[in-house]
Amino acid sequence: MPAISLSKAPQPASTDPAQIRNFCIIAHIDHGKSTLADRMLGITEVVDPRHMREQYLDRMDIERERGITIKSQAVRLPWRSGIDGGEYILNMIDTPGHVDFTYEVSRSLAASEGAILLVDCAQGIEAQTLANLYLAMENNLKIIPVLNKIDLPAAQPEKFAAELAKLIGCEPSDCLRVSGKTGEGVADLLDQIVAQIPAPQGDANAPARALIFDSVYDVYRGVVTYVRVVDGHLSSRDQIQMFSTGVRHEMLEVGVISPEPVPSKGLGVGEVGYLITGVKDVRQSRVGDTVTNFNNPTKHPLAGYKDPKPMVFSGLYPLDGADYPLLREALDKLQLNDAALVYEPESSAALGFGFRCGFLGLLHMEIVRERLERESNLSLISTAPNVVYNVKLDDGKTLIVTNPSEFPEGKIQSVEEPIVRSTILAPSEFIGAIMELCQSRRGVLLGMDYLSEDRVEIRYTLPLAEIVFDFFDKLKSSTRGYASLDYEAIGDAEGELVKVDILLQGEAVDAFSAIVHRDKAYAYGLMMTAKLRELIPRQQFEVPIQAAIGSRIIARENIRAIRKDVLAKCYGGDISRKRKLLEKQKEGKKRMKMVGRVEVPQEAFIAALATDADIEKAKAARK
Amino acid sequence: MSALSFYVHIPYCVKRCGYCDFNTYTPNELREGASLQTVSGDYIDAVLQELEVAKVEATGTVPTIFFGGGTPSLLPAKDLGRVISAIKERWGLTPECEITLEANPDSVDQEKLSQFREAGFNRISFGMQSVKPHVLKVLDRTHNPESVARVVHDAKSAGFQSVSLDLIYGTPGESLDDWRASVEAALSLPIDHLSAYALIVESGTKLAAQIKRGDLSMPDDDLMADMYLLVNELCEAVGLSWYELSNWSKAGHESQHNIAYWKNADWWGLGPGAHSHVQGVRWWNVKHPNLYKENLRNGISIVHDRELLTQSQHQDEAIMLSIRLREGISHKDLTEIQKKRAIGYVTTGHLSDSGWKSGRVQLTPQGRLIADRIVRELVV
Chain A
11 MPAISLSKAP
21 QPASTDPAQI
31 RNFCIIAHID
41 HGKSTLADRM
51 LGITEVVDPR
61 HMREQYLDRM
71 DIERERGITI
81 KSQAVRLPWR
91 SGIDGGEYIL
101 NMIDTPGHVD
111 FTYEVSRSLA
121 ASEGAILLVD
131 CAQGIEAQTL
141 ANLYLAMENN
151 LKIIPVLNKI
161 DLPAAQPEKF
171 AAELAKLIGC
181 EPSDCLRVSG
191 KTGEGVADLL
201 DQIVAQIPAP
211 QGDANAPARA
221 LIFDSVYDVY
231 RGVVTYVRVV
241 DGHLSSRDQI
251 QMFSTGVRHE
261 MLEVGVISPE
271 PVPSKGLGVG
281 EVGYLITGVK
291 DVRQSRVGDT
301 VTNFNNPTKH
311 PLAGYKDPKP
321 MVFSGLYPLD
331 GADYPLLREA
341 LDKLQLNDAA
351 LVYEPESSAA
361 LGFGFRCGFL
371 GLLHMEIVRE
381 RLERESNLSL
391 ISTAPNVVYN
401 VKLDDGKTLI
411 VTNPSEFPEG
421 KIQSVEEPIV
431 RSTILAPSEF
441 IGAIMELCQS
451 RRGVLLGMDY
461 LSEDRVEIRY
471 TLPLAEIVFD
481 FFDKLKSSTR
491 GYASLDYEAI
501 GDAEGELVKV
511 DILLQGEAVD
521 AFSAIVHRDK
531 AYAYGLMMTA
541 KLRELIPRQQ
551 FEVPIQAAIG
561 SRIIARENIR
571 AIRKDVLAKC
581 YGGDISRKRK
591 LLEKQKEGKK
601 RMKMVGRVEV
611 PQEAFIAALA
621 TDADIEKAKA
631 ARK
Chain B
-1 MSALSFYVHI
9 PYCVKRCGYC
19 DFNTYTPNEL
29 REGASLQTVS
39 GDYIDAVLQE
49 LEVAKVEATG
59 TVPTIFFGGG
69 TPSLLPAKDL
79 GRVISAIKER
89 WGLTPECEIT
99 LEANPDSVDQ
109 EKLSQFREAG
119 FNRISFGMQS
129 VKPHVLKVLD
139 RTHNPESVAR
149 VVHDAKSAGF
159 QSVSLDLIYG
169 TPGESLDDWR
179 ASVEAALSLP
189 IDHLSAYALI
199 VESGTKLAAQ
209 IKRGDLSMPD
219 DDLMADMYLL
229 VNELCEAVGL
239 SWYELSNWSK
249 AGHESQHNIA
259 YWKNADWWGL
269 GPGAHSHVQG
279 VRWWNVKHPN
289 LYKENLRNGI
299 SIVHDRELLT
309 QSQHQDEAIM
319 LSIRLREGIS
329 HKDLTEIQKK
339 RAIGYVTTGH
349 LSDSGWKSGR
359 VQLTPQGRLI
369 ADRIVRELVV
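Line by line, the protein sequences are chains A and B. Numbered by the working numbering, the letters in the first sequence go through residues 11 to 633 in order. Numbered by the working numbering, the letters in the second sequence go through residues -1 to 378 in order.
If we strip away everything but chain B, and leave its shape as in the complex, we get:
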């Protein structure tokens, strides 16, 4: 079996952002009037329990651990550190093991960042989203845009090897110039990595309701396309190279954990609603933190559902995932028919000509914009 990565889900936020449909809860949603302390107190114990009963005998050491959420930075560093220690104790970590923390700029300071470093984290990713107050307001984000610069510098001085920022484009009311300002602000900071995501309106969110009511309207796809091309151009200009559809980094700072997803490696997701993929089986845990804790307490399985992929599903998935990466897909991994379909996209400029000549299917910036369509054409 391949090396096993770990994802640790921290399902808590101080406040739910209007666009977010992640599996996360405010303390008040879990128990009325409760504080974060009370609802999360025994959570790490539960995660450790899931880890204990994990029936997986990895042969190698663990290459990456990623704490996502929710807002992992809300929890005390020593609690998160207990999870890292437990993984390390059982499987061992590779010498260069990448341990990432997702953080809200408002929830950390110099001291807390140092504590996270001490707990073992060496990579941090801040949710910046935008530099424009009117955009942040639509997104319902609480942080102060100025605090981003501060925490990036603090993280650097605390010794994080990789610092990343997340941006969102295509928010209702955001112009191309607004977006340019956000990207430029991000790139003016000493970061190693940038993720830029087109806003997806998920059903059931406050944002979806606002759009349905007509209070807000989504920008058209053409503007979104221009925004994507702009961030790509600005990143490349300062030496952050594109390596996945929505990700750019300095050489050597690509997120190894996320690359594991796109290369269909094995990973274990800990926590409620977390997905795992081990040896061709995908499964996911029960969604609600309370049920998750309760099941673990009572010795009941926390797996909500699983799927065993067929050969053809596995192949489709591999195409769907690997096309997102700079390396793309090797011609060897495509059938003759798929290659024939792909070559049409070389002609239209959606796939790189030089990549094709070196035996690979690699997206050009235009091609990245219609990557899903190209995947559909290839797998149909």
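Chain A extracted, bound-state conformation:
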């Protein structure tokens, strides 16, 4: 049997680096990474078949349900090579699969010597996978191309083998073929990992240097920090130090994941494992930082630590104002586990008290919101997402604007907005639709390449602001779901940007203000005023709805005064029903928000802030 029992396998802290192989798996959502990982756990016998369950490594409900991995993990798998018969330790380092977490992906890659490029051979490679593949290649990782799901009837292994070969410069015959579902080809894949991926290199006698590639908050243990030791040695008796902060921590536990945590004496060169120091907040143990020994610290940190910067901002408000303290608690709790999440309190005349939150990207935003709602049982409203603007004033000062309400009135010299380089992969029949969409979003075409006969890679620069507003949904709907998107920030550029305010009876409603390109201001104004005219019930007086840039009105609608609001009949049998309706309306009235004298039902705010995609989702949920 190629599996080796854990007790007989080489032990942590005393494994020769030559016996170690560190690898990660690069794959798109749905391409079967978790299933393949499950098979590896089974075949190496680190998980008893009786305890096996699907997506074993995905801890959060949300990961399992959405089929995506948010936080990465590392599992130590003992393996006897079927080729040379030697004993090896394979460390599988799981990577988040999404563009928003590129930085975390890059840290996972930095902890590995090789990467499995896993592609569903019924779908082909996706844009985000491609981006991560390029990252891996830049990191000089050995790439093993693997076609998954060969058991599917729709599998086209020849076609996609050719595509992968072209991308990484190998022969189509070099692509391994596996089925995570049936286990076919998985043992061969493990042998190839041993054969092809280089063993880690490091100086065992140098001061300890270990890279943090993940940091997870656990309610019972505090922060669990995942590290890859590069040089030296970390032992359970050490005091350690974080290079970026200089803070000293007691080591409470060190160990490996196999796939449950197993404490060990320490970790040596090339090994991957976890540390527990009693820290309660992941921001004190940040991804990318270097861990060293407090008594014998290194002078040279490992490359690449940076603070992840939020790119997208949105206001999050509890539907029920009384839930504000609960939302604060929930955010505090979430931040323990998500160093990239930033937030500060803000208040909106329309929505009450809430938080302006900063996210790495749209998916990050969605996940945070979903986790807040699910784990803390909150109902939230979010304002339209926006990006960070650098506003230069006439007096030379620069203002950083993360909220349309902070956008200064007049006296603006210029406004800069973040620009991204985006890559879209799609079947070539959708080229026209994609180009049309990108052009309408102020995109500039950079280039286009055919990956295979009928699949194409299209590159555009786009203002990030155009992407954060329902671009992805539009892209999906105009390509029948086939297109995939990846983007990376490439800097800021000046844009003709203005703030459009929406006024009800002359009073601006902060939640609806938006910073948009001058050419689109009119369309935004028309869209919002028309939407609100439908959503706001008639009042006892006429209510003008206006869209304005500064003091200039660019669109206007009117809600006529109500003339009739009475039920004609109220006899014996109607009284209870009518009183119950009145009680319901009383409750509804309490949830009304006042904008000046205008009563606006909360549903109107929610509906006005919803995108077309939200509405589709809500419809689907009702079905």
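A few of these clues could be false.
[Stated by the list, open to error] Non-contacting residues of chain A with respect to chain B, defined by C-beta distances greater than 12 angstroms in every case (computed): (1) 40; (2) 90; (3) 291; (4) 612.
[To be verified] Restraint-style ranges between C-beta atoms, simulated for each label pair: (5) A:231 / B:306: 50 to 58 angstroms; (6) A:343 / B:14: 33 to 41 angstroms; (7) B:352 / A:420: 49 to 57 angstroms.
Just so you know, the hints here were simulated from the structure itself, not pulled from any lab data. For clarity, every value in this text was computed on a predicted model and none was experimentally measured. Here a beta-carbon is modelled for each residue, glycine too, at the ideal position from N, C-alpha and C.
With chain A's structure known, arrange chain B on it following the hints.
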């Protein structure tokens, strides 16, 4: 306890009208192929049985009885008369006791009207709805518009003290001129009382389905408002004074039974689905006539559900009901905050200025159009 009024529900119709969601059934719905005679034969017996077991000891005599439905005029006068007699026997009737019959113009003639008079009825209310055939068609009404004039005269000569007509406005396809024609036709007859109801589209009706499909569309609220103001103006011009949101009458011909509802008096509703309100408790009977009969036969309670109102629910209800009346609400019955809210509506012309000065909250015609909104503002 206050005087006790009675409502008697007659849950039968020859045909269900497209807009109607009342608790009424055609004979065929109750038993396939059955005649009205067979399904209603033992119904009055059941009502009398409910009356017999009624645990209520009214101190005074009964001031009003109202037979509604359904189409009460479908049943033989002597059967309805048995109910009147039973009430009279147990509690006695006031000398001026108002006994009302709801009637379909097609279901009565001179002879039948005389029989109803003999049975004790002194007030009759005919469902006229409209004089325009295209409006009646949308409403699914079967009666011939010409027969209304005939039955009003017949009722008068049979000796009914009060004759009332019901009209409906805001039917899909009805213009302001159509409506004017209907109101004028009604007012040209020797009536004492008129009810005019805005059409309410109740879910589950044929009309609701037609609107949902887009076959019909409801007139907008502004037209409905104009229709209301028109009927009010035309009634007042011929001496029918407004006394409740949807009701106008000659002096002394206000419906005492309905006023009992709006003044939160006590009443007992007999029959399936009928609501009662006695000493602060509201309850309602099981809905289906068959179940109602069966439960009574088997000695099982026919009460479907009940509610005991809290003090604040009771106050809200009182405001909701009494604001509908000409007398309105006394300042004494409002809190200081409610009065403060109300005074805003005096300024906007929705509440009568002179009424306010005499210590009452009374709706103007403009105010009546938004009465529900004013109630919401007051009770919130």
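Do the hints match the structure? See the list:
1. 40: Non-interface label stands for residue 40 of chain A: nearest chain B Cβ at 39 angstroms, farther than 12 angstroms.
2. 90: Given that every Cβ of chain B is farther than 12 angstroms from that of residue 90 of chain A, nearest at about 70 angstroms, it holds.
3. 291: Residue 291 of chain A clear of chain B: closest Cβ-Cβ about 45 angstroms, beyond 12 angstroms.
4. 612: Holds, since 16 angstroms exceeds 12 angstroms.
5. A:231 / B:306: 50 to 58 angstroms: Check passed, 55 angstroms falls within 50 to 58 angstroms.
6. A:343 / B:14: 33 to 41 angstroms: Because 58 angstroms falls outside the window, the suggested range is violated.
7. B:352 / A:420: 49 to 57 angstroms: Given a distance of about 53 angstroms, which is inside 49 to 57 angstroms, the answer is holds.
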